[in-house]
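Colleague: Taken in order, the sequence shown gives residues 1 to 133; the numbers are from the numbering used here.
Please keep in mind that the hints were generated in silico from the structure rather than gathered at the bench. Predicted model, so just to flag it, every value in this text is computed and none were measured. Check before you lean on any hint, since a few could be wrong.
Distance condition first, Cα-Cα at most 30 Å in a straight line; then the derived DSS-like pairs of lysine-lysine [as the list claims (entries may be wrong)]:
1) Lys-113 <-> Lys-91
2) Lys-28 <-> Lys-95
3) Lys-111 <-> Lys-95
4) Lys-91 <-> Lys-111
5) Lys-91 <-> Lys-28
6) Lys-28 <-> Lys-119
7) Lys-95 <-> Lys-119
8) Lys-95 <-> Lys-113
9) Lys-130 <-> Lys-113
10) Lys-113 <-> Lys-28
11) Lys-28 <-> Lys-41
12) Lys-91 <-> Lys-119
13) Lys-130 <-> Lys-95
14) Lys-41 <-> Lys-91
15) Lys-130 <-> Lys-111
16) Lys-119 <-> Lys-130
Pairwise CB distance ranges (calculated) [said to hold, decoys possible]:
17) His-103 <-> Tyr-132: 22 to 32 Å
18) Ser-55 <-> Gly-114: 43 to 53 Å
19) Arg-105 <-> Asn-37: 45 to 55 Å
Ideal Cβ placement from N, Cα and C applies to all residues, glycine included.
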Amino acid sequence: MRLKLVAYCSSNLSIIKIIDMKNLMEYKGYLGSVDYNDEDKIFYGRVEYIRSLISYEGHDVESLRNSFQEAVDDYLELVRNQNIEPEQSFKGSFKIRTGSNLHRRAVIVAKQKGINLNKLVNEALEEYLKNYV
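Full structure from sequences and hints, please.
Modeller: Set out below in C-alpha cells:
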C-alpha cells in the first residue's frame with residue numbers, strides 16, 4: 001500500500017491528504033478525487049460519494065487544493081441559500097448482504113458477547129480497518 005501526502009494546512013478544516021492509492025483529499029468532511037491529465041497538464045477531481053456533481057481543477061497541488069476548497073464552500077453556500085440540507089458523504093448507515101451461515105454465526109457471537117448485531121459488525125469493521133485508515 002502506498003500512502004502519499006499531498007498538502008497539509010494548519011487549520012483542521014483544511015487538512016488535505018491522499019489516502020492510500022485512491023487519491024482523495026478531505027475538506028469539511030467531503031472527500032475529493034485527485035486525477036491528472038498529462039495531455040492538458042492539469043490536475044482535476046470531483047467530490048466523491050455524493051449525488052451532486054462538484055468538480056474542480058488546478059495546474060498544481062496548491063491551486064487544486066484551493067479549487068477543491070472553493071468548490072465545497074460554494075456548494076455549502078448554495079444549499080444554505082436555497083434552504084436545502086447539504087448532502088453528506090457518509091450517514092453512518094449502510095446495508096450489507098451476507099450468506100445465511102455468516103449471518104447466523106454473527107448473531108450467535110453477538111448473543112454470546114451480550115451485544116446486538118449492529119455493535120458486533122461495528123467492532124469487526126473497526127478491528128479490520130484499523131491498519132488501513
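Colleague: Evaluate each hint against the coordinates.
Modeller: Now the hints, each set against the structure:
1. Lys-113 <-> Lys-91: holds (27 Å)
2. Lys-28 <-> Lys-95: holds (25 Å)
3. Lys-111 <-> Lys-95: holds (21 Å)
4. Lys-91 <-> Lys-111: holds (26 Å)
5. Lys-91 <-> Lys-28: The hint holds at about 15 Å.
6. Lys-28 <-> Lys-119: Between Lys-28 and Lys-119 the Cα gap is close to 27 Å, so the pair holds against 30 Å.
7. Lys-95 <-> Lys-119: Between Lys-95 and Lys-119 the Cα gap is close to 14 Å, so the pair holds against 30 Å.
8. Lys-95 <-> Lys-113: holds (23 Å)
9. Lys-130 <-> Lys-113: holds (21 Å)
10. Lys-113 <-> Lys-28: violated (36 Å)
11. Lys-28 <-> Lys-41: holds (27 Å)
12. Lys-91 <-> Lys-119: Roughly 16 Å between the alpha carbons, so the hint for Lys-91 and Lys-119 holds.
13. Lys-130 <-> Lys-95: holds (21 Å)
14. Lys-41 <-> Lys-91: violated (36 Å)
15. Lys-130 <-> Lys-111: holds (24 Å)
16. Lys-119 <-> Lys-130: It holds: about 16 Å lies between the C-alpha atoms, which stays within 30 Å.
17. His-103 <-> Tyr-132: 22 to 32 Å: Holds: the Cβ-Cβ distance is about 24 Å, inside 22 to 32 Å.
18. Ser-55 <-> Gly-114: 43 to 53 Å: With Cβ atoms ~48 Å apart, the hint holds.
19. Arg-105 <-> Asn-37: 45 to 55 Å: holds (47 Å)
The structure fails to meet hints 10, 14 from the earlier list, while all remaining hints are met.
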